[in-house]
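So the sequences go chain by chain: A and B. So the first sequence is numbered by our numbering: it starts at 1 and just counts up by one. So the second sequence is numbered by our numbering: it starts at 1 and just counts up by one.
Mixed in with the good hints there might be a few duds.
Taking lysine-lysine pairs in the DSBU-like style, the calculated list, with each CA pair at most 35 Å apart, reads [unchecked claim]:
{"no.": "1", "chain 1": "B", "residue 1": "Lys-78", "chain 2": "A", "residue 2": "Lys-117"}
{"no.": "2", "chain 1": "B", "residue 1": "Lys-36", "chain 2": "A", "residue 2": "Lys-84"}
{"no.": "3", "chain 1": "B", "residue 1": "Lys-138", "chain 2": "A", "residue 2": "Lys-105"}
{"no.": "4", "chain 1": "A", "residue 1": "Lys-84", "chain 2": "A", "residue 2": "Lys-178"}
{"no.": "5", "chain 1": "A", "residue 1": "Lys-105", "chain 2": "B", "residue 2": "Lys-36"}
Cβ pair distances, simulated, as ranges [stated by the list, open to error]:
{"no.": "6", "chain 1": "B", "residue 1": "Asp-64", "chain 2": "A", "residue 2": "Ser-66", "range": "41 to 47 Å"}
{"no.": "7", "chain 1": "B", "residue 1": "Asp-64", "chain 2": "A", "residue 2": "His-74", "range": "38 to 44 Å"}
{"no.": "8", "chain 1": "A", "residue 1": "Glu-143", "chain 2": "B", "residue 2": "Val-30", "range": "49 to 55 Å"}
Calculated directly from the structure, the hints in this document are not laboratory data. Beta carbons are placed, not taken as given, at the ideal position from N, Cα and C, and that holds for glycine.
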Amino acid sequence: MPDRSEDAMVLISKKELVYISKLVENLKTAKPMDYLLADPVEIKNSYLQDVQKNILILNEYTKELSAYSLAIAHGDLDVEFPTKHNYLSGGLKELHSNLLHLSWKVNQVSEGNFNQKIDFMGQISDSFNNMIRGLIERDARIEELILIIDVINQYTNINMYVHDQESGQLLYDEEERKSKKDNKGAAPEDENTLALKKEFADMLYKKMKEEDISSSEWDVFSEYNDKWYHVYSLLSKWTDDKRAYFHILVDISNQKMLIENLEFQVSRDQMTGIYNHKFAVNTVQKFISTQNPFTICFIDLDGLKTANDVHGHQWGDKYLLKFIEIVNASTRNKEYFCRVGGDEFILIFPEVGPGDMLNIVNRISDNVAVFNQTHEFPFKVSFSFGIEAFDKNIHTDAKAMMTMADNKMYILKRGKYINFKKI
Amino acid sequence: MKALGDIDSGRPNLGGNMPVFVYRLFELSVADILEKNFGKDKTDEIIRSAGFQSGIEYAKNYLDLTLSFNDFVELIQKQLVEHKIGILRVEYVNLEKGEIILTVYEDLDCSGLPVYDETVCVYDEGFLSGILQTYTGKPFKVREIDCWATGDRACRFVAKTV
């Protein structure tokens, strides 16, 4: 009778044991068993046959687990789950399932559905849920800003740029958003315009960054679209760990043009188009306040009243316009030439002394003489002048300084009259 | 749901919660007696039907059927955790094909059971089917392909429109 007790001794050959040992060794080191299986040793002992069978199953599970884990490691989430009885893969299947769930959640987020939460996945849950919170907060902030901008846009044209404080990266461009919203399918801007636009946006960032300020308000001209903007720049929170410069740009081109037109009209003489008396007084006063050297020259046209009375107002107007033409041709653009009365003018020259002023007046005189040679007018063009150079010890008031130049002019005019009488 | 009674007033001291083992004691003993009387297949059918009816009532009373699908799934996840039924996760959704793969971790019915070598969550199959049918208006067949009782860490369900 064979001994069937648990303590019974069984006969196993050395060959069988060595073969089983090699199988276990290969399983342990995850080496292929093919060469061992190709040349199997016949196991006669029934107990050892069970051991061999389980080693081979374990080998299959290990191979399956190895291929499965590699696929997961490479991000292949479509890989099939291991066979149902491969209990070794339990943890990895859980990881696979979690990654599938995470992937599904991220897809929802990328489609704009932020109503997502992941629970019970340790650090992954914390990170994901924090990211969602940040996105929701940022979205709410952007929505709020867009709402404000849309409301303001009903009244004016407004734009907004947002730059990352550290990198300068453009995070938001309202104009681009509006353009995408309003002109779907419209032709894209050319490269040059885009480059100028980028340069403009970068300039806003650099001003804040280089001056290291948290808020600013300024007017700036944008070359890429020929517009003037009033810019409100502000450093504020963008995300939990990021701060950004918000630049809100209000288009003030129309206001600028209107102001320029008004300034032009207010400062110009209606009949001749050159600067007027008010502008002359303001400019002289401004130069006095800066204390920089400048010189004025008071000019009075000789015989304008006679020209009007004898030859008619038409000739009087021609006289005025011709004289202005000669003066403009004799001076450069840096000077201010103003009509301060019916036949009175004033030249204001910054950075110029009385000697240079006299040279300029002589040049005007020479050009007047050349014109008179043409005999185009039935009378001679001539003028009288008085030069007054700025002296900070004397001049504090524009009108007083202009009167002093006028007085000098009068002396010259009276001299001419006396000389005329003598002749 | 009125048939469930006013638990708050009925159990002012003990409240609405009880240990999971008590729930399992009831469920598994009922299943055991049914199986002895009607066999495995009939028992599964009865328990799945009970789960289905329960899923319909749960959807009507605890879920918002007007939400978009994604928001609806988010709400189911939240409610199942709050009611301590399990941690639901979505692996795959293709509504056009009518196919959804879901997993339930820490499942009330099976997590922690010994390995039986077969899936056991037939009540959950019916429960999920009832919820999905109530929301979509289309019949869904839900089958469990992995289970704690088959040695897995989670119950995996494939739901398909019939």
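Open item on the list: Hint compliance check: list the failing hint numbers for this structure, sorted ascending.
Closed with: 4, 5
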